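Residue numbers (the working numbering), protein chains in the order written: chain E, 1 to 332; chain W, 1 to 239; chain U, 1 to 299.
All clues stand as given, with none of them false.
A partial selection of chain W residues facing chain U, derived with a Cβ cut-off under 8 Å:
| hint | residue |
| --- | --- |
| 1 | His75 |
| 2 | Pro86 |
| 3 | Ala89 |
| 4 | Leu95 |
| 5 | Leu103 |
| 6 | Ala107 |
Some chain E residues well away from chain U (every beta-carbon gap over 12 Å; in silico):
| hint | residue |
| --- | --- |
| 7 | Phe135 |
| 8 | Ser137 |
| 9 | Pro139 |
| 10 | Val154 |
| 11 | Arg158 |
| 12 | Ala161 |
| 13 | Phe213 |
Each pair of labels, with its calculated beta carbon distance range:
| hint | chain 1 | residue 1 | chain 2 | residue 2 | range |
| --- | --- | --- | --- | --- | --- |
| 14 | U | Val93 | W | Ser63 | 33 to 43 Å |
| 15 | U | Leu169 | W | Ala128 | 20 to 30 Å |
| 16 | E | Ala279 | U | Gly54 | 23 to 33 Å |
Worth flagging that the hints you see were computed from the coordinates, not collected in a lab.
Source: prediction; values computed, not measured.
The beta-carbon is built from N, C-alpha and C at its ideal position, and this holds for glycine as well.
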Amino acid sequence: MIAHFASYATFFLTLALADGIACLGLNLQWGWTGLFNAGVAGFYAIGAYATALLTAPAQPGLLGGGGLPFWVGWLGAAVLSAAVALAIGRPVLRLRADFLAIVTFGFAVSVQLVALNATALTGGAFGRSFLPHPFASAPATLALVAGLALLAWVGLERLVASPWGRALRAVREDEGAAAALGKNPAALRLQSFVLGAALIGLAGAIRAQFIGFVAPEDFLPVLTFRIWVMLIVGGAGNFTGALAGAVVVSALWSGSGAALTALLPPAWQVRGAAVQVVAIGVGIALLLLFRPRGLVAERVRVSRHLPPPPGSGPRRERGGDGDGRRHPRSGG
Amino acid sequence: MSVLLAVSGLVAGYEPGLPILRGVSLTLGEGGIVALIGPNGAGKSTLIKAIAGQVPRFAGAVSLAGRDLAGTPTHRLGALGLGYVPQVANVFARLTVAENLVLAAAALPGPARRAAVAAQYAAFPDLASRARLPAGRLSGGQRQMLALARALLASPRVLLLDEPSAGLAPAVVSTVFARLRAIAAGGVAILLVEQNVGAALALATRALVLVGGRIAREDAAAALAADPGLADLFLGRAA
Amino acid sequence: MIAQYVADGVVSGALVGLGAIGLTLTYAVLGFANFAQGEFLTWGAYFALALLSGTGLGHAAALPPFAFGWPLLLVLPAAVALTGGLAVALDHVLFRPLRRRAGPMGLVIASFGASLALANLVVLLFGPKPRYFSRAIAFAIPVAPGVRLTADRMLVVALALLAMAALHLLLTRSRLGLAMRASAENPALAAVYGVDAEGVRRASWWIGGGMSALAGVLLGQTEQIQPLMGADLLLSLFAAAILGGIGSAGGAFVGGLVVGLAEALSVPLLGAAYRPAAAFLVLFAVLMLRPTGLFGERP
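Model the full assembly from the supplied sequences, consistent with the hints where possible.
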């Protein structure tokens, strides 16, 4: 019984911390830079398929199958995800926040479509399997993932405390003033977006490697929503909260799933999954309504003139001409 | 003189802990023009907006012709006789001149609407000839006239104006001010915020000097205009 | 061959346009991108389905040349009204309280969650399998050399045009329409003009939800009814609304036609599997050319 519990806890924590790494990446993008990435699932998928292509053994009829060590796959996942973020980030980060959300959402939908249809590369609807486990022992894998999450967490905390982080913050608070001080807002935003995407891609790779296979239905918009929920629960702008939120939400997610599996007759299992998403949707609505800054709020409030916390969106709403004029609705 | 607008002990601002207005009282009577002057950041615009219900009021009271305005939303004020012309973006640029007026008239009882719009066209012929033009294509002065016409549609008893001269050429300012004098002569009480102190004191009958969210001085406009201590008052030094 | 693709594109474009008219209206007046708009299509279709089976009218004979019977016409207004009510209710419990507490992007996240919850509520209530209003077979009629369309699909185009014209008249000729356009431009100033912002928002949800429900019922009649039918169309709706300029009914319709044509013509080029990506490519191209939308106002 205890052994069973320990092995489940290891399994659970590994996946929760993988999501935590994605949540850290999203927090850099949204909490610290104000970039509304509604395409988390797209970058997650790119990371997962990248490691599948690099590390899975060769299979007839499928491209890739490099059979390389897992760490090559993870590195490749982060690099590929970052490269894609760099390619699409350059044109799309100039968009106003809501358009950026729509475009990144569409990006993720398109990535999922490729995953489903580019059969030679992705294995189509069946996905790709036989990804090698990082280590034979699950606790060792957990230790590695926990180490990576810790590294990402500490690294990001140090990064945002560095001059680069301060410049990022200045851009978020007042783009015009930051530009006047010689910061390059476009470059800073792009760097943050790319770094965040690399972490999300790494998270996808870790999850795929640990489970041993990838399939397109893992990268539906509900994945994007799950990572966002983690960030909201943890409190946008707060890296500690992002990790804590990932663990808490993972627990609620799999706990409610397990409860429904146990309680519902088999014929109702599909509907049970639906109940879960409805419940989580309602739960997050209640959280947004009653604890809009998350369970762990951002520690520092930069300016008393800026009531909206990062969780409720940065004030910046850029127009295409980038002259710093505000969208009519953003005025308080 | 009957009191039309009474403000007492008004505390208001954007955040409860940080009031911008810290206990402002004033009264406005029929047909007078009261200028609200003061240094930048004194809270002049905030005072106008707080009266118009666009900035939260934390304490104090505002009443219009004896009626307490607590809890009255902005969109009901016009019907109660309080006209408000915000600073700069005070007309709908994407709606035509006619649509701007028709929209404002929609708040009036049905039969009065058509006549109210016609009356404004008669008073502002420049607008009548440009009725089908989007308001965004009007000149600054015409736009200010449209904003005034819109506020006058509902026959207000009190008119609040936030920097009616902002961004206008001097010749246009004098046209606008002449219009305001005529409106006041018709019995409307006007409270206006102005950056241009000289012009404001020449127009107004009375003036209030707002410094740091409080009324530092209240006097006849002419007396204030002649007072050499006004600059000290603006700088926060006791006069 | 190409002519048939064009005709199919016009039909699906009209449907997208119809759904996008609802989206563009709420987007403009409420000021945020509602990711749950697709679910109003879904719910419109399922409301109609539930009314048909609930009243036992589902088996009435078809009205030639159409493949549906009079009961569908009977329940259509009710489904539209119910969906409008659903949109208002959603605003009341979720968006309206959030408007005061969270910025516009908080509303977007909330709508994302609402979208998933509403789609899964449909799965819960009706099951995941596709459903149909009727089993009647629609016969395609030759309408031009090389082009065949069913009467149902021609009706889609006609109704979409009618709805667009009606909304255009509402926005330009009625006091409510004026108030909506004013609220879209500057809600604070609208209040100064005497406009009751809450009333305008409620009306926008009724109309926006209802228009999308109409699109959903028509989509259900010409294709199938399934829980993700609206979610699958969301990207196309956004592309059409942004292409046409947020807040413009005619623009959304034209945008819908462009998206529909792009999707239909992508089939011979990329294969049917990538059809949904065409909307994304259109959206991407538009925003690259004009980051504020093709006919969009400068912010």
